[in-house]
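With chain A fixed as given, assemble chain B onto it according to the hints.
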Amino acid sequence: MAEMLIDTANHIAGYAAKAARVKVVAAYPITPQTTIVEKIAEFVETGKMDIEYIRVESEHSAMVACIGAAAAGVRTFTATSAHGLALMHEALHWASGSRLPIVMAVVNRAMGAPWSIWPDFSDSLSQRDTGWLQFYCADNQEVFDTILQAYKLCENERVFLPAMICLEGFILSHTYMPVKIPEQKKVDDFLPPYKSGWTLDINNPFSHSNLVAPEWYMEFRYMIQEAMENAKRLIPVIDKEYGKTFGVEHGGLIEKYKCEDADLILLTMGTMGSEAKIAVENLRKDGLKVGSARIRVFRPFPTEEIEKLAEQAQMLAAIDRHISFGMEGFLATEIKACLSNQKDRPLVAGFIAGLGGRDVTSGTIEKIAKKSLKQMRDGKVERETEWVDLKE
Amino acid sequence: MVTIKELSKEEYLLKGHAACAGCGPAISLRLLFKALGNKVVLVVPACCTTVIQGPYPYTSFEVPLQNILFESTAAAASGIVAALHQRKIGGITVVGWAGDGGTVDIGIQALSGAAERETDFIYICYDNEAYGNTGVQRSGATPYGAWTTTTPFGKKERKKDMPLIMAAHRIPYVATACPSYPIDFVNKLRKAKEIKGTKYIHILAPCPTGWRYDTSKTVELGRLAVQTGLWALFEIEYGKFKLNSPSDRLIDKAKRKPIKEYLALQGRFRSLTDEGTEKIQKWVDEDWDKYRKLTLNSTSDFASYGTT
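If you read the protein sequences in the order shown, they are chains A and B. Residue numbering for the first sequence follows the working numbering, starting at 282 and increasing by one per position. Residue numbering for the second sequence follows the working numbering, starting at 76 and increasing by one per position.
Pulled out of the complex, with its shape left as it was, chain A reads as follows:
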């Protein structure tokens, strides 16, 4: 029987690792990720999880221990935040380059200096080019479901890449919500035992990841790109299959809400997507044709879906909980890149909001929408990037 729990997204991530029957967890504590590793410790110490739990001395070692364990043939899990993720950076490249299907929860937190423990996407988006799949969740149920979906996807032979499941610190990590935990038998049917492309094997002694000359290196990179494209096709399929089995889907690559007839589409990630839906409801009461598209998967980026949205809308507003200093938010950049070869493309306005945990409410998003609608009517974008609610 499925079970209804009311718990935080961090604890739910622990439940997901347990349901996925991971065999090795290597992790290091960092706020606001800590309650994930505490939950797993509780499961291990009370005999509910029979795993090797490596309490490493740094996040760098956490990722490398996961690489070692995945290479030696078992399903692995870890979790981190902000500076922990940054410390892992080179190991993230090593994991994807080794084509190991590691799954990691990233509890989004702003990067210092100055210190902040509150959320934005500057930590995970800084890792955009590491070859990891990136999922962004809007609620606790999605955290659970996406972790299971990610293992299924990453262990697919057409993918064999690692994935990070991103959830905003405190907004999700420490917030109690009802979550349906399916029965283990059903999870086992959905998610077969661990599979990877290769394993360290004394009967088949290979040297793994040794020096590759220029004559082959590009081909290895191209294979990762192909795997990303394959993942893009598989994500909606797996989400649908998951929905059929467990009765809940999350929209594949993008969760769309009232986009069909929308003049303006609000593009968001993470929990801002939930606020955007409320904003859409309110704006529609005033007769404004606004829709919401929450980018659930940032890597691979859903280029084709964005193109489709652009064909029907006159205006797109990208709301970034992130800033690439000296440019704009990544979401705005990616969306513009998707549209650059399109005829009759809509205007794109970029908004920076919610950095370092500043609240982004439906009211904030309504304000953004109204500004965007004005620009749409004027037929031009005043400022490429606007910082929302910035103190003068």
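In case anyone wonders, no lab produced these hints; they're calculated from the structure. Don't take each hint at face value.
[Said to hold, decoys possible] Here are some chain B residues the structure puts well away from chain A; computed CB gaps all over 10 Å: (1) Y219; (2) P227; (3) K292.
[Claimed, not checked] Derived lysine to any residue pairs resembling SDA-like cross-links, with alpha carbons at most 20 Å apart: (4) B:K90 with A:A591; (5) A:K329 with B:K114; (6) A:K476 with B:R162; (7) A:K570 with A:D659; (8) B:K163 with A:T480; (9) A:K617 with A:L628; (10) B:K114 with A:N484; (11) B:K163 with A:Y475; (12) A:K655 with A:A591; (13) B:K90 with A:F487; (14) B:K114 with A:L492; (15) A:K467 with A:K655.
C-beta: ideal position from N, C-alpha, C; glycine also.
For chain B alone, coordinates are given in the frame of chain A:
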């Protein structure tokens, strides 16, 4: 204990490997496989062995090898050990094989963590006293007075005492070795294989490229390092310190050759002054005073070892 006659005839370091002529680490690798056989998973960070194994799609080792990031040999080994344990696969020795830079400098954190966690593996530092693979730069294991490309007039500081740092972790087995004494090294590996927990072996591995000596002199250099007392062969087994042959006969200073015999053979010490040589001699004598005390009362310093 094996004798030279009983040493395995199998070769798991294959012909055509890419080490320099006279490479001390390559000799050590050959002995490693002779001691442990091929039921070994080797973890190798960025180091000379990255080159020795040969480039993709080749390998000169007949064991599976996980190449890993510079600072993370022991972390990768931790993951592999955990996975093999979960899969209930026994009889495989996980070996971390790293250079001195990857051990005493950038890799010390991961190694210290793995040792504290009582990870069941053998970690070997093959110490050629510099960053060799990158073209001989100074490391924390480079000795006082030695030329490197980043200490063109000789290093001004002393070598880090890594074996005793590892002994302070209270792991069940710490040993030093040198490929010039192959049977000693092989026996230490075989002993380490049978002990549960973290085992640390530090090899002084002469490097003609970095030390500036003739490639035919590698074995001789290793012998002189031991005979002068600059490198002592010892083991600390469950906290018990013991000098091994021939170092166990060198407590009496008169039995030790003057360090000049060792230093003079190497171009890297060319700019070392007489004063510098005297300094090194003094430090060697102090080290031996410490070894003498440890030998006489071996429970004093490292008694509280190991596994819980």
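Tested hints:
{"no.": "1", "hint": "Y219", "in the structure": "30 Å, holds"}
{"no.": "2", "hint": "P227", "in the structure": "29 Å, holds"}
{"no.": "3", "hint": "K292", "in the structure": "29 Å, holds"}
{"no.": "4", "hint": "B:K90 with A:A591", "in the structure": "61 Å, violated"}
{"no.": "5", "hint": "A:K329 with B:K114", "in the structure": "33 Å, violated"}
{"no.": "6", "hint": "A:K476 with B:R162", "in the structure": "13 Å, holds"}
{"no.": "7", "hint": "A:K570 with A:D659", "in the structure": "16 Å, holds"}
{"no.": "8", "hint": "B:K163 with A:T480", "in the structure": "15 Å, holds"}
{"no.": "9", "hint": "A:K617 with A:L628", "in the structure": "9 Å, holds"}
{"no.": "10", "hint": "B:K114 with A:N484", "in the structure": "9 Å, holds"}
{"no.": "11", "hint": "B:K163 with A:Y475", "in the structure": "15 Å, holds"}
{"no.": "12", "hint": "A:K655 with A:A591", "in the structure": "18 Å, holds"}
{"no.": "13", "hint": "B:K90 with A:F487", "in the structure": "16 Å, holds"}
{"no.": "14", "hint": "B:K114 with A:L492", "in the structure": "24 Å, violated"}
{"no.": "15", "hint": "A:K467 with A:K655", "in the structure": "50 Å, violated"}
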